[in-house]
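> Chains as they are written, first to last, in my numbering: chain A, 997 to 1132; chain B, 997 to 1132; chain C, 997 to 1132; chain D, 997 to 1132.
A few of these clues could be false.
Copies of one chain are not kept apart here, so a pair can be met inside one copy or by any two copies together.
Stated by the list, open to error - For lysine-lysine, the following BS3-like pairs were computed, each having C-alpha atoms within a straight-line distance of at most 30 Å: (1) K998 with K1126; (2) K1043 with K1126; (3) K1043 with K998; (4) K1099 with K998; (5) K1043 with K1099.
Everything labelled a hint here was simulated from the structure, so no lab data went into it.
Number of protein chains: 4
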Amino acid sequence: MKTQEMFTSHPRNIRFDLDQLTACISACTECADSCTVCADACLGEEKVQMLVRCIGLNQDCADVCGVTARILARQSESESLLLRLQLETCATACRICAEECDKHAEMHRHCRVCANSCRNCEDKCRVMLKAMMTER
Amino acid sequence: MKTQEMFTSHPRNIRFDLDQLTACISACTECADSCTVCADACLGEEKVQMLVRCIGLNQDCADVCGVTARILARQSESESLLLRLQLETCATACRICAEECDKHAEMHRHCRVCANSCRNCEDKCRVMLKAMMTER
Amino acid sequence: MKTQEMFTSHPRNIRFDLDQLTACISACTECADSCTVCADACLGEEKVQMLVRCIGLNQDCADVCGVTARILARQSESESLLLRLQLETCATACRICAEECDKHAEMHRHCRVCANSCRNCEDKCRVMLKAMMTER
Amino acid sequence: MKTQEMFTSHPRNIRFDLDQLTACISACTECADSCTVCADACLGEEKVQMLVRCIGLNQDCADVCGVTARILARQSESESLLLRLQLETCATACRICAEECDKHAEMHRHCRVCANSCRNCEDKCRVMLKAMMTER
């Protein structure tokens, strides 16, 4: 994974386990992509009216995940408190979005796949949060 | 303000005071712009080495404010919990960034102006958070 | 305007007219906000099916305008070719989105206001492009 | 790849080869991540003064790639002209950023890896552009 290779040559001391950090960044960007595709696929469905809430939450989740990836990627002057709040916000956005996507998972495979991306991203954020709890 | 005019024709019932909501969106986008310019101006300074932390926090704050504006702008299927966490994250990013910008405010006017944008955005987010507290 | 005040203390020589530059950044961020609100308001309309194309173009336009504002805000190591392509892309996104919003302007005031934001943003981008043409 | 699986259940007819489309989206998001990490790693280097241009271009490239991924992900109401301009802008941002990263590739492995991400993303954008040329 390219991000991990880059962190090994990062001039500052990265205080996270690199596997956990890069897994979380990957999960965030993958979830952002999934949510953007899911919002668009929902928008293209005939019964879009039923999917309005799914589209709205997909958009919010895509935005939050995208920014979480960027803040995780910036380790030179990382602020614990901000990172913790961002991870908490992201885990919550992912959980809410997954719950909504689940409702349409039987009908729409894009919702089923998206729910999986959201769950995976929530997990990876919580792993990071747990690692930060026990930090010192 | 265009955003406010748009909310008055929004099909759903907006549960926020429109003045507060649009003031918060404006403060977020203005702060995002200020932080992006400040990061870039710091990067162009001769003594960039002294401003590394300011640049990093400016970037984080610009990203968080930008997404906060978008989530605030989406009122059709807004989720209270997500919005509250996002506003909390944004207020914190703004406070941390303002404190760092303050350190360079004497030397660099762009840092002084940026600190003001951050403080204003933190305030507007806290007004929204307070309004949400007393919601029910 | 805060962005303009910041550019006057920017350490590098800004090669644009500051009024034009800051007007273009403002127009981009305002248009991004308008498009995000319009997409959300359309999504909340009963006849959302009729507004699918409007929502899709609003989202694209919001994203393109947001990034254009950021690239314009970074003047320390600005690249003419990239900026020109970005402004051209943005002007086009705005024109296409305005044309779609116009179709719903009678019915939905949010579309009418959004079309105005898009037109204003297209204009400001074209002013910048023209200024860059005559650059040397 | 999740995005590809999602496109196979997309309600609209996707007019692109799904392998090419998902490869381009992946390349854009990977490049966005790489550029964000590289900007941050450069910012953390002792001789940050030498890397100012690299940081600035990394930031622009990260933003452009991120938005390109989103516009590619929205296929329900995709506009050929906008997509073509966006891909052209992205390919150019990647080329310029790769050229700058190359200058520091001997000294900094993060710049070497980032240059590779940029080249890969430029290639994938050009493949898409070529496919669009021969469209009809």
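> Checking K998 and K1126: alpha-carbon separation at most 30 Å within a copy, between copies, both or neither?
both (25 Å within a copy, 27 Å between copies)
> For the identical chains here, do K1043 and K998 meet the 30 Å Cα criterion within one copy, between copies, both, or neither?
between (40 Å within a copy, 23 Å between copies)
> Cα distance capped at 30 Å. Does K1099 pair with K998 within a copy, between copies, both, or neither?
Only across copies: K1099 and K998 sit 19 Å apart there, 35 Å inside one copy, limit 30 Å.
> Which holds for K1043 with K1126 at a C-alpha limit of 30 Å: within a copy, between copies, both or neither?
neither (40 Å within a copy, 35 Å between copies)
> When Cα atoms must be at most 30 Å apart, do K1043 and K1099 count as within-copy, between-copy, both, or neither?
both (14 Å within a copy, 22 Å between copies)
Going down the numbered hints, you'll see the structure goes against just number 2.
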